[in-house]
Amino acid sequence: MIIFTCKDIFEDMMTCIYDAWAEANAIGHSSVRLMTEPAGDMELFCEYRHVDPDPQKVQKVIRTIHKKLNWEAYQLVYKSAMSFASNKLDAIYRFLILGFAAGPRVLQMLQAPQVITVFELSRKVTNEAHLFREFLRFERMDQNVLMARISPKCNILTILGPQFSDRMPSENWMIIDDTRNLAAVHPADEEYYLTPLGQADLEQLNAHRETTDPYVALWKSFFRTIGIQERKNYQCQRTMMPLWYRKHMTEFLP
Amino acid sequence: MNTANQLTLQDKLTVLADAAKYDVACTSSGVDRRGQKGSLGNSCAAGICHSFASDGRCISLLKVLQSNECIYDCKYCPNRASNDKVRATFTPEELCTLTIEFYKRNYIEGLFLSSGVCKNPTYTMELMYRTLLLLRTSYHFNGYVHVKAIPGASRELLLQTGYLADRMSVNMELPTRESLKALAPNKSFSGILKPMEQIQSGITGYRLQIGKDPRMERSFSNRYLSNTIFQSGPAPRLETAAPPSVSLPAGVQPVHHTGNKPAPFVPAGQSTQMIIGATPENDFQLLTATQHLYQQYDLKRVFFSAYVPLNEDSCLPSLDTAPPLLREHRLYQADWLLRYYGFHAEDLLSIEKPNFNILLDPKCDWALRHLEFFPMEINRASYEDLLKIPGIGMKSASRIVQSRRQGMLDFEHLKRMGIVLKRAKYFITCKGRMMYRIPIQEDFLTRQLTGEDARANWEIEHPQTYRQLSLFDDMNLTASPTVEDAAKSISGQF
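So the sequences go chain by chain: A and B.
Counting in full-length UniProt numbering, the first sequence runs from 1 upward without gaps.
Counting in full-length UniProt numbering, the second sequence runs from 1 upward without gaps.
Bound conformation, chain B alone (with noise of 0.2 Å):
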């Protein structure tokens, strides 16, 4: 790799920017931290995206690879050993630097932390290690940090690493054995799940120690819901929930803390992502698996990243594929209605019925097929009810429930406070009239809905193709424009 040394920062900056950009998890919420002085940065739970991509994507956190060297040959991936590419890696210095002096011109909220498997997965964690306490230490560095953890990497370093970083996540990548097998052969199921359960067991301990729930925390409004897949799941390990206690490689210096606190193991919680649309799985494999790993594992975050094809293999779709962003779309709206909303996989999908409905969002499908709730009567639905209604979200129903105590609510008071009625008309009641008079029929909503969610839906799934002006409805037409077709478009032919 002589070439490594001849490149400059922008060119590594570049080529390790590009080969992390199919990394999904750009997020820097989940843990509250003050600044202080002497040192830079502070971190709020909300997470704060500073820029958007031109893919609509938000850049929060500076997401890059340690390095893109790799010796394993994970067919969908760009790194893969037996691609010819330009290959870089970051100097410890070189990655703190940036970070530092990106952070103070307000471009990101925190370093984004991935790598290559260069060597070996200890050697790869321990540059990374490295990176995190010059970061923390050196720099003084207060901001936020989420890393990826290599699974094979040594137990010490892994949890070394937890010390210093405020989210961790170990990549699913496919959601089933077979899969995996069939597409990352150098990386096994349970080599994945380990680092996973060592991370968990590591966040346990912590909580327990600070005298927290050993659980992660959730949306506020699951406490006003009966029966959240948080409550139904297995209850955490407790016995192996034991602060851990290390021995590190020689020459790897550990964290020192200072005061009687216990020092913070990954306080945001960990993540994983799962690649869609390479694999055979359906929607219903997906969310279950999802719904799984919130339980057994406690995950904070489950991210889905849709297949985009990169490299020609026998095993992967072809590469005009376009990626099934509407999918991804779908398995997004299902994940918040399972974290927020008190929704299960088993309500929203079924064995006979294993995919999302293309036409309708998640919620608006579980209506549709449960009219026997609606109409529902905004002054005197219960908090859970208000929240099944689809267009109706937390903030709205919280909104709702505090005003309501005040005096009767109508329409025009709802559309005051921000309430968006498009979807929710149809469903809701308040002093007992609807807002037009409209039968609860099957037939009838789905009409109207999907007449109305059609160009939102087209849009996700063509983001860069134009539409014709056209007088008519031509939005329920099925056959969709072809790849000459979105030429034509921007030439002016059609």
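Okay, chain A solo, but in the shape it has when bound (with noise of 0.2 Å):
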């Protein structure tokens, strides 16, 4: 068995894939295995090879799953990509080898665990971006700039740039993903971009954490009326909300 690792980033995946591909070639599907890094305990009797990017391999695996499968397939495979889960990276890997054989007609087949499974992980990121989308709060800093900060357990920083540039296109925001300590960047009438923070840059945000921003008392005082008290039910208001999501809303924060 030999086990292809890389970083948990979409370009080395995509390589990944490749050179797994290739020596499979040799071997055979069942003899390679893939995971993103850390590795976790190893296993004896393997062999670890880490795989570093290439961009020239990431444009052919994106092309041939365009080629042979379709737009909506990449999507999948992208957003599976994004996930959380350790076994990504081998998900992918198995749904594009059913899936370089059966063609398009793969997206259908939920009945097989190699399709379901990457269904899965897709739908759990896409989910996660909507509530994040919903759930989100910017807020007014220095130098007129909103900034937003998010937890997330899937990196969603990349489906979230794309539906804020479109709302807020001539506005100066930035969304900050504090499990991986990176940020989209939003410059006014500019296309957005990602960049990871340094230790100096969070330091620096975080001086500038006590903004007195005056529409968060109004925003506060118009969340605590609009709820009637007579059908009170926070039953219904965790279903909806998970504790889990509010860790950064204004109208949760003390």
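No wet-lab data here; the hints were simulated from the structure.
Quantities reported herein were computed from a predicted structural model and do not represent experimental measurements.
Please note that the accuracy of each hint is not assured.
Stated by the list, open to error - Only pairs whose alpha carbons sit at most 25 Å apart, straight line, appear in this in silico DSS-like list of lysine-lysine: (1) 187(B) with 119(B); (2) 220(A) with 104(B); (3) 85(B) with 232(A); (4) 153(A) with 232(A); (5) 395(B) with 353(B); (6) 220(A) with 232(A); (7) 119(B) with 85(B); (8) 395(B) with 425(B); (9) 104(B) with 75(B); (10) 422(B) with 395(B); (11) 7(A) with 60(A); (12) 75(B) with 220(A); (13) 415(B) with 124(A); (14) 212(B) with 187(B); (15) 395(B) with 124(A); (16) 232(A) with 75(B); (17) 422(B) with 124(A); (18) 119(B) with 181(B); (19) 153(A) with 124(A); (20) 124(A) with 247(A); (21) 247(A) with 220(A); (22) 181(B) with 247(A); (23) 119(B) with 104(B); (24) 57(A) with 68(A).
What the hints assert, rightly or not - From the structure, some residues in chain B lie toward chain A, with a derived Cβ separation under 10 Å: (25) 14; (26) 15; (27) 62; (28) 106; (29) 108; (30) 209; (31) 212; (32) 308.
Said to hold, decoys possible - Sample of chain A residues facing chain B (criterion: CB under 10 Å; computed from the structure): (33) 105; (34) 110; (35) 140; (36) 218; (37) 239.
All C-beta atoms, glycine included, are put in the ideal place defined by N, C-alpha and C.
With the hints as a guide, bring both chains together as one complex.
Next comes the structure, spelled out in structure tokens:
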């Protein structure tokens, strides 16, 4: 068994798939496995191979997915790759094996365990991205910048970025992913870009935490007022908006 | 109204949000619109909820009144003229700033603007129109706007407002003429239907102008169903559907449109709401009225609002009446069956059986009365038939239909696809087998289904009380806890 490992970055994962496939052509798909680093508990009788990104191989894999399958399949693969699940890379690999054999109809083959696994992964990512689209909160900082902080499980910044670019094209805003120290930055009237945050950046941002945005108090009082006392139903509220998502929401901060 | 001048923005927001909270329609759905450089906002047809209030209802829009001053004296309303309350009015600028700033912080999806009748309907409508005009033109707001049409306002104002809003609604308040007369002496049934007709003809006019079907789009599932309420309804009246020509009152500027494209007129359609539980109508009357509104006025949604007693009056239920939350829930379930599942009001209820079953949801109830259709074979039933199975919705049905082309489905596959078998397992077979050995008998199935749903129903009816832990199945006992019991359960005496 050869286990191919790579960093949890989309380009690295695509290269990893390419290299594993090349190897599998010689020794068979059942003799290779893929995983993202950290590899966790190492297994005996396995050879671990680290893969570094190669832009050409990335292009080849993406092109093949588009050619043999379609755009929807690519979306499925991309979203699954954004998941936090540890088995995602292998799941994508198994899906592609079946997909390249069956063609675009693979998307409808929900009976196949390979397909339903990536389907579940991408559904989790889409759902989480949707909830953060609803529940993330911006706060006005100095220099007219709107800043939001989230701590999502999946890597959803590339899904949120285009949505908020469309929503607020002429505003300066940034969304910070606390779990990955990654930020989507959008200068007014320009395209957004992703950037990793270093320790210095984080300290600088934390120093500016105690701004007093006048609309925070207004929103809190609106939020308190709009609920009907006679219909109070916290259980329903928690079903629709789980406590886990409330970490950075203005109305639940003290 | 001198007090109004001394109120801060915070006070005004509290007063006017408090006055607006009983309006139900807080949806931002029905229209897809891309953002534009230089303006703020877009719109998503599925609708986006930004928060959920303590009562579990979604907060999608900034739901406020323009003013809670009101010359009318509707018995059920907290803002009626005879109530002694703090009165406040937003200026258009205040409302615009609030909307824009809230929107930028991702608190809301847009504005829901309603109002008490301040001075007279036309004056009120003009104030609301000015707010929207300012919001759209000076503040460049491109997000969602839902505005209430005030019955009795001039036709021109109503139509001009329609060019600025995404959705408009006129509140029916009560489903019958008699009830309306008893509880809202200043309103009349025909007065409410008139603006509804005007908005409808505006919408049809606009839709024909851009080459669309005159009737609003409905859920995609309706295309595959043979006999929905939207197909069997009377045809829309085309002769009245002309793009409205307008003459405005002095001092009101009309909306200016650029380009050759016709300006969208209420693209997300219109809606209405009815209060339930304040008057003696039964569920059958309510549901028939709802179906009629969908067919005749092509409404996009009808909302129901469980009556919360706020005022003391001889015509109204007493102040300690609990809001009929389970009944409201059943009506919404039935409303979905009408709009998405191809059911008719007459399928679900009849004159002999005018109210919904408290213990079972309307679809289960229907299925138990039509056991001749069941069990259904998942691998062979048509899309239309799949939708009739309790527990299977549009998404599940389309996933089944798609995937079974690639191979036979079994219960394990259904589970992994995300199809909930809690209710469905009593009504389906996979490859000719049921999940368990279940007799298809009405008594047995009713017992099973009510047992499973009892807890959920109890929680809808008593959202604020707690149940003591019990080893026994006492969910089917009918004695409901009193207000004292609720108090005791909190203080720990119970």
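Hint-by-hint comparison with the structure:
1. 187(B) with 119(B): 15 Å, holds
2. 220(A) with 104(B): 16 Å, holds
3. 85(B) with 232(A): The hint holds at about 23 Å.
4. 153(A) with 232(A): 30 Å, violated
5. 395(B) with 353(B): 31 Å, violated
6. 220(A) with 232(A): Given that 25 Å is the threshold and the Cα spacing comes to 17 Å, the pair holds.
7. 119(B) with 85(B): Within the cut-off at roughly 17 Å; holds.
8. 395(B) with 425(B): OK: residue 395(B) and residue 425(B) at ~17 Å, within 25 Å.
9. 104(B) with 75(B): 38 Å, violated
10. 422(B) with 395(B): The hint holds at about 16 Å.
11. 7(A) with 60(A): 19 Å, holds
12. 75(B) with 220(A): With a Cα-Cα distance of about 31 Å, the restraint between residue 75(B) and residue 220(A) is violated, given a limit of 25 Å.
13. 415(B) with 124(A): Holds, because 16 Å separates the two Cα atoms, which is no more than 25 Å.
14. 212(B) with 187(B): 35 Å, violated
15. 395(B) with 124(A): 16 Å, holds
16. 232(A) with 75(B): 24 Å, holds
17. 422(B) with 124(A): With a Cα-Cα distance of about 22 Å, the restraint between residue 422(B) and residue 124(A) holds, given a limit of 25 Å.
18. 119(B) with 181(B): 22 Å, holds
19. 153(A) with 124(A): Given pair residue 153(A), residue 124(A) holds - Cα atoms ~10 Å apart, limit 25 Å.
20. 124(A) with 247(A): With Cα atoms ~19 Å apart, residue 124(A) and residue 247(A) stay inside 25 Å; holds.
21. 247(A) with 220(A): The hint holds at about 15 Å.
22. 181(B) with 247(A): Roughly 49 Å between the alpha carbons, so the hint for residue 181(B) and residue 247(A) is violated.
23. 119(B) with 104(B): Given that 25 Å is the threshold and the Cα spacing comes to 34 Å, the pair is violated.
24. 57(A) with 68(A): 16 Å, holds
25. 14: At 5 Å from the nearest chain A Cβ, residue 14(B) passes the 10 Å test, so the hint holds.
26. 15: With a closest approach of 9 Å, the residue 15(B) hint holds.
27. 62: 7 Å, holds
28. 106: OK, holds: residue 106(B) within 10 Å of chain A, min 5 Å.
29. 108: It holds, given that the least Cβ distance between residue 108(B) and chain A is near 9 Å, below 10 Å.
30. 209: Violated, because the Cβ-Cβ distance from residue 209(B) to chain A comes to roughly 27 Å (cut-off 10 Å).
31. 212: With a closest approach of 24 Å, the residue 212(B) hint is violated.
32. 308: At about 5 Å, which falls below the 10 Å cut-off, the nearest Cβ of chain A leaves the hint on residue 308(B) intact, so it holds.
33. 105: 6 Å, holds
34. 110: Hint on residue 110(A): holds, closest Cβ of chain B at ~4 Å, below 10 Å.
35. 140: Cβ of residue 140(A) sits 7 Å from chain B, so the hint holds.
36. 218: 6 Å, holds
37. 239: Hint holds; residue 239(A) Cβ to chain B Cβ min 7 Å, cut 10 Å.
This entry does not satisfy hints 4, 5, 9, 12, 14, 22, 23, 30 and 31, going by the numbered hints stated previously.
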